[in-house]
Amino acid sequence: MSAVVAARWSRSWARGLRASLPIILGYFPVAATFGMSAVAHGIAPLAACAVSVLVYAGASQFMFVALWAQAASPALIAVSILVSNLRHVAYGPALRTRLPAAVAQWRVPLPVLAFGLTDEVFATALGGLDQVAEAERGPWLFGLQMGAYGSWVGGTVLGALLGADLLLSAHWVSATLDFVLPALFAVLLVDVWRGSGHRSLVFAAVTSAFLLWWFPAAAALVGGMAAGALAALLRP
Amino acid sequence: MMRQILLLTLVCGLGTYALRLLPLWWHRGGGEAGSGARSARVLAALGPAAIIALLAVSVLAPVFTQWHGGDPGFLRLLASIAGLLAAAGLRVARAGLAPATLAGAVVYGVLAAWGGVT
Numbered sequence: 000m001s002a003v004v005a006a007r008w009s010r011s012w013a014r015g016l017r018a019s020l021p022i023i024l025g026y027f028p029v030a031a032t033f034g035m036s037a038v039a040h041g042i043a044p045l046a047a048c049a050v051s052v053l054v055y056a057g058a059s060q061f062m063f064v065a066l067w068a069q070a071a072s073p074a075l076i077a078v079s080i081l082v083s084n085l086r087h088v089a090y091g092p093a094l095r096t097r098l099p100a101a102v103a104q105w106r107v108p109l110p111v112l113a114f115g116l117t118d119e120v121f122a123t124a125l126g127g128l129d130q131v132a133e134a135e136r137g138p139w140l141f142g143l144q145m146g147a148y149g150s151w152v153g154g155t156v157l158g159a160l161l162g163a164d165l166l167l168s169a170h171w172v173s174a175t176l177d178f179v180l181p182a183l184f185a186v187l188l189v190d191v192w193r194g195s196g197h198r199s200l201v202f203a204a205v206t207s208a209f210l211l212w213w214f215p216a217a218a219a220l221v222g223g224m225a226a227g228a229l230a231a232l233l234r235p
Numbered sequence: 000m001m002r003q004i005l006l007l008t009l010v011c012g013l014g015t016y017a018l019r020l021l022p023l024w025w026h027r028g029g030g031e032a033g034s035g036a037r038s039a040r041v042l043a044a045l046g047p048a049a050i051i052a053l054l055a056v057s058v059l060a061p062v063f064t065q066w067h068g069g070d071p072g073f074l075r076l077l078a079s080i081a082g083l084l085a086a087a088g089l090r091v092a093r094a095g096l097a098p099a100t101l102a103g104a105v106v107y108g109v110l111a112a113w114g115g116v117t
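Protein chains in written order, with numbering that gives the first Met the number 0: chain E, 0 to 235; chain Y, 0 to 117.
Where hints are given, some of them may not hold.
Unchecked claim - Not everything, but these chain Y residues come out facing chain E in the computed CB check (under 10 Å):
1) Ser38
2) Ser79
3) Leu89
4) Val91
5) Ala94
6) Tyr107
7) Gly115
In case anyone wonders, no lab produced these hints; they're calculated from the structure.
All C-beta atoms in this analysis are idealised placements derived from N, C-alpha and C, irrespective of residue type, glycine included.
Please put together the full structure from these sequences, using the hints given.
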């Protein structure tokens with residue numbers, strides 16, 4: 000990699016890292032709560048950190064702790080985690096259309112980019128990638144993912160070792176941090192609103208809200224996404 | 000026990016990673032080749048649908064939980080609406096991603112603390 004290309008790579012990576020700031024703020028307290036909760040349920044701090052390092056999927060990690068605390072079988076825990084993360088299969092193909100076709104241009108291997116495809120990274124990348132030059136999208140996405148991953152792992156370490164109570168002592172601070180991710184999704188929705196079919200968005204919102212009343216959040220998410228995507232096939 | 004939980008973590012981690020990698024790998028030729036107009040429309044709609052589904056679930060899940068517990072959760076809902084309007088309004092007014100997000104979260108946080116939302 001020449002010096003010019005390396006400098007461009009670093010600049011794009013840093014821009015991606017800056018774009019991850021809202022995710023960093025949203026992830027850190029949730030991850031700290033996860034670390035504290037895992038230790039409180041009898042999981043060793045090192046094991047709690049390993050879950051965040053290796054699984055890296057927020058809601059399903061809390062499910063992991065809850066099932067482990069109830070002495071569920073390892074097979075049941077593994078199947079539950081994978082079913083709750085099934086929605087992630089949709090993220091790669093949806094993002095792929097925004098990434099350049101030639102893998103060599105990305106400068107970041109595909110398996111590396113796949114690891115960090117969480118809900119929030121996907122949602123942020125969806126709008127953000129369009130504002131980045133094609134050849135720079137790989138390092139930008141990598142920077143975005145590293146900020147999010149660092150925050151998740153760092154928050155877990157802090158929660159597991161020190162306890163999240165220190166972080167969340169003031170009510171308005173904990174309430175603010177609780178709402179960072181919904182606020183981020185609202186901002187991202189503004190970004191995609193103009194270029195999207197509104198019928199598809201309405202179908203997705205109504206379906207996920209309806210399903211959420213009866214089913215767990217993971218099922219409501221999958222149902223909402225499927226309804227929104229299929230609504231795009233209806234004739235106007 | 001430590002060995003068992005680490006092994007289980009590894010299995011869950013590899014499985015989750017496979018769910019993220021394999022579809023991305025499968026489509027590595029790009030969305031344009033061999034995908035057809037219908038699947039292209041579905042893929043284009045999938046991302047925005049995911050964002051609005053994530054928004055609906057993240058806002059409504061705590062409200063519904065509270066509702067199922069016997070409290071309608073109106074204060075939480077009002078604080079959420081105010082926070083969302085602040086975030087979206089600032090973004091429409093061309094504020095950056097981080098400032099708009101933070102402003103929305105602070106509006107919610109202050110109202111929730113003031114209203115005693117737990």
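Right, here's what the structure says about each hint:
At its closest, the beta carbon of Y:Ser38 sits 9 Å from a beta carbon of chain E; the interface hint therefore holds under the 10 Å criterion. For Y:Ser79, the shortest C-beta to C-beta distance to chain E is roughly 7 Å, which falls under 10 Å, so the interface hint holds. At a threshold of 10 Å, the smallest CB-CB gap from Y:Leu89 to chain E is about 8 Å, leaving the interface hint in force. With a cut of 10 Å, the hint placing Y:Val91 at the interface with chain E holds, because the nearest CB-to-CB distance is about 6 Å.
Checking Y:Ala94 against chain E by beta carbon gives a least distance of about 9 Å; that is within 10 Å, so the hint holds. Interface hint status for Y:Tyr107: upheld, as the beta-carbon distance to the closest one in chain E is roughly 4 Å, under 10 Å. The beta carbon of Y:Gly115 comes within 9 Å of a beta carbon in chain E, closer than 10 Å, and the hint placing it at the interface holds.
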